[in-house]
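Participant: Here's the letter readout for the chains.
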Amino acid sequence: MQQLIPLIPFLPLIGFAINGLFGRNMSKTLVGAIGSGTVLISFLLSVACFNQVSASGPIHSVLYNFFTVDSLRVDFSFLVDQLSVWMMLIVTGVGFLIHVYSMGYMHDDEGYWKFFAYLNLFIFSMLLLVMGDNFLMLFFGWEGVGLCSYLLIGFWYHNREYGHAARKAFIMNRIGDLGLLLGIFLIYNTFGSISYADVFASAKNFTAGDPTITAICILLFIGAMGKSAQIPLYTWLPDAMAGPTPVSALIHAATMVTAGIYLVARCNGLYSLSPDALHLVALVGLLTSIFAALIGLRQNDIKKVLAYSTVSQLGLMFVALGMGAYTSAMFHVTTHAFFKALLFLGAGSVIHAMGGEQDIRNMGGLRKALPITFWVFLIGTFAIAGFPLMAGFFSKDEIFANTWAAGGKLWWGFAGLGGMLTAIYMCRLLFVTFFGQFRGTEEQKHHLHESPLVMTLPLIVLAVLSLAGGFLNIPHFMHIGTPQWLEHFFEPVVTNVNPHGGELHHLEASTEWSLMIFTTSLALVVIAVSYYIYAVRGSRPVTDAEQTGLTKLFAHKFYVDEIYDTVFVRPVERLSKLFHYYVDIWGIDGAVNGVGNGIQALGAQFRRLQNGNIEYYLLSMVAGAILILLVVFL
Amino acid sequence: MSLLLILIPLLSSLAIFALRGANVRYVALAAAVANLAVTAAAWAGFDSSAAVNHAFSAPWVPQAGISFSLSMDGISLLLVALTNLLAPLIVLSSYNRSFGQDARYYGLVLMMIGALNGVFLADDGLLFYIFYELALIPIYFICAIWGGDDRIRVTLKFFIYTFIGSLFMLVSLLWVYMQTNVEGHHSFAWTDLVQVQLPEHTANWVMLGFFLAFAVKMPVFPFHTWQPDTYVSAPTGGTMLLSGIMLKMGIYGVIRWMVPLAPEAMHTLAPTFITLAVIGIVYASIIAIKQSDLKRLIAYSSIAHVGLIAAGVLAWNKTGVQGGLIQMLNHGINVVGLFYVVDLLERRLGTRSLSDMGGIAKSAPRFATLFMIITLGAVAVPLTNGFPGEFMLLNGVWKYNFWAGLAAGFTIIFGAVYMLRAYGLAMFGTTNDNTERFADVETRDWIVLGAIAALVILLGFFPQIVLNLTDASVNRILGAVQI
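Going down the list, the protein sequences come from chains A and B. Position 410 of the first sequence, counting from 1, maps to 410 under the working numbering, and the rest follow consecutively. Position 160 of the second sequence, counting from 1, maps to 1160 under the working numbering, and the rest follow consecutively.
Derived from the structure by calculation, the hints contain no laboratory data. For every residue, glycine included, the Cβ atom is placed at its ideal position computed from N, Cα and C. Treat the hints loosely; a few may be bogus.
Under the rule of at most 25 Å between Cα atoms (straight-line distance), these lysine-lysine pairs were calculated in the DSS-like manner [stated by the list, open to error]:
id: 1; chain 1: A; residue 1: K445; chain 2: A; residue 2: K368
id: 2; chain 1: A; residue 1: K304; chain 2: A; residue 2: K204
id: 3; chain 1: A; residue 1: K552; chain 2: A; residue 2: K304
id: 4; chain 1: B; residue 1: K1290; chain 2: A; residue 2: K577
id: 5; chain 1: B; residue 1: K1399; chain 2: B; residue 2: K1318
id: 6; chain 1: B; residue 1: K1362; chain 2: A; residue 2: K28
Reference listing, derived: stretches of chain B covered by chain A, where coverage requires no fewer than 3 residues with Cβ under 8 Å from a Cβ of chain A [what the hints assert, rightly or not]:
id: 7; stretch: 1003-1014
id: 8; stretch: 1281-1290
id: 9; stretch: 1316-1328
id: 10; stretch: 1391-1399
id: 11; stretch: 1413-1420
id: 12; stretch: 1443-1451
Given these sequences and hints, build the entire structure.
Facilitator: Here it is as structure tokens:
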């Protein structure tokens, strides 16, 4: 197995190379088969890894020495342990389904081959990120997925705005990456190594609250804020919806954006030593969770709603991390990958049927024309809203319970508020889109059709996972099957803590039951009320012109983009011109010319000596040089 | 072997001046390739455990302690490799243009190559100085004869600016020379010059002299104002020579001559130098953001990149110096690629202005891919050649001083801003009348850009090839020059 491990990331890279170099002249079937096939093999190999890791522990595989400088040795090497193998399964598993779906979704696009090449490159980068056994390997993947995200958001590059969105995503990520990079420097400085094994082993010698550890954790978290779209670096993610919908599902929902959660979970040994850092993580997560959910309430673009929902859900995962409940965050990463990929692909199916329309105000009543899409979308919505026994029900409940236990009532209340808002805007999305009267054009109505099997099949698989995914980690008090299987699986590498020190303990079963019943009833009430408002009464969102007050504020995303533009973008642009025209040309160069004028007069004197034939001049000079060499030689 | 590296281009240069005719460009390419072959042989026969390789020495003016001595350690070999790897690409790039009298142009290019090899191989202070100045002459004529608008004024300024800088270096060099004492004589030999112990006060002046020469050449803020104008005005081949190789003379000079000859001054002066370099990184990056002339944009980006190399090297720790060395190679490769791209765009479109471009990715997908790969190298995305060096340089600066490291770190954000803006404006968006029929790459473009793109990826995955080359030499020089 150990020898096969490098194949897992490199197979998709080979797929990228084949499709990228020759795809233009290959049949679409072949391009799709290579793109999906390589990921499928990686998935099967990951399953094999999973079996071996479960049975006999982590596998380590060194490919070659990437570089060694001073005492810093960086190997191109892989670590497959419980945490990475789990991420590998999600990345290749969900990734494979999305590749298959794309064979249908992108079928008529002229850049079909390029799309598959980029998707494979993404899978390669994402696998590097989760499989690397040191922080620099993680960084390779980290920046690599950012690059793929850039290429895929700007996939339809003829649209300038899309290109702009792509650039914004890359640059915002780079701001985070600087934090991550400095974090890596500090890790190297502190531990003398950047390999996970060395760092986490030496971290045990530090006491809780050590300022260096806190600094490291905060720097790494800045990286996580960029990649996982947290305040203040979240505004790129909604704009990233410019990319084709499978990209939104794969990169901007299921996998890449969860890299920040993976990073913190991977470094749980460090974060557990720093209550301050955990507190910051929780706070940023909570703020983001509520803020994004508020914006999501009043978005009318089907993909934008899902994007803000993703930002909000990622915030919730950070709340879990901040509560020291790392495994709960990873559990939610998993279920979220299922239902959010499902929702995005479902949205893609809707957009496909509507001929590119994304505004839900122009949809309505789609459940009759798109029965499969409707049912899977309904499952996705209920799963994220926390409908009993579905995937999101268990994973969110676990986060709420942990928030109650570690953070207290206030934290729980706000986290729950975010959860309730999620249920509201998701139900609004579902009912406005699929119920009521069709509000599109006659032409659109005429064209409405269910998507082909190659698209609906992945949807069905994801729907099943969204239904059943929660049973991976059933609460201990429920006594069905193996309780908390996932948490036990992660145990060797991820240890949950109580951020306030002391013992980590579960709540009383009775408390957990009452919390669960409370939040669940709330979700059910929201579903029922939304059904009444949007499906029965047929209420629909107002047009842009009619928006007022809070609606307008939410619809305009609190004007954060405009604020960033005024505070950061335009001042830098003005500074650029100021530096160029005033400081550089007028100031520094002016001074140089002032000095230079004197010298130029001198230079003019010298030039009199050189008014002969240039060739002659050159010839004699080279001849002179050669002559010197010859003299030396003899 | 070291001598061959200098003689082949100089003799070919002479032959070309004598031959004339339209076919001299093939002679030039043959000479450049021959030199690359010699470099490869030198690399193959290189023993990194030995202090010097392929040494050649002949007395020149023995009475004055001047000898014609050349030698190669890992650092020299790296720069020789850079020079001779880029030389064929630069010659080939020049095929795209007619120079009226080809003999003049190609003769000058080869002369330049010979002088550059000499700079990197010289083991004698005076010989170094002579080659250093010799390199200035051909590039002066290349820029002054085939440059764009305002070439005479711009080139003269460049010439005088760098020439004055060099004079300060000569003074410093002579000062140290006068302090040497080898059996009652003075000596210009590197090994003798580094033995000299200077009082700190004197050392400061000596180092300042060297710094002025090298700071102008690289250039380091605020000695950089000749650079954007010269890069923009020079013909593409000249810009490539200047940015790809010639500016490395300055950095090489810092590592080989400035610090070893006056290490006593580092304590006082390094903080100032590093501050200037770091200011240059941020300053030039910010200016690059709003440039509309692509060539000028790359010129400013080059100031930023070189600022980082200078800061890393001046931090004078293993990570910084190794990072600086590997980045000299990779910056050379990338910047030549970028200027080739500019040249290609200008030839096809008749403009370098980004606002007149757009949508080229649609008309020329292969060109778009190659340009993208080189752009990624310039942005230092991991697994491209730009990354390992940038990582080590930032780490080196960071080790020296946290705040300097943080400020320098902004290069990874700004670099992405201006490069992706430029790429986006040129390649993305809708086509206009001008870019609609933009033809894709031709054979020659394929060779040059393809070779560069391949190097971007190869060196991105395997940086250790380069680091191995210089590792022992860097240890030796850092060990010998404690500051």
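Participant: When the hints from earlier in the document are held up against this structure, which numbers fail?
Facilitator: Violated: hints 2, 12.
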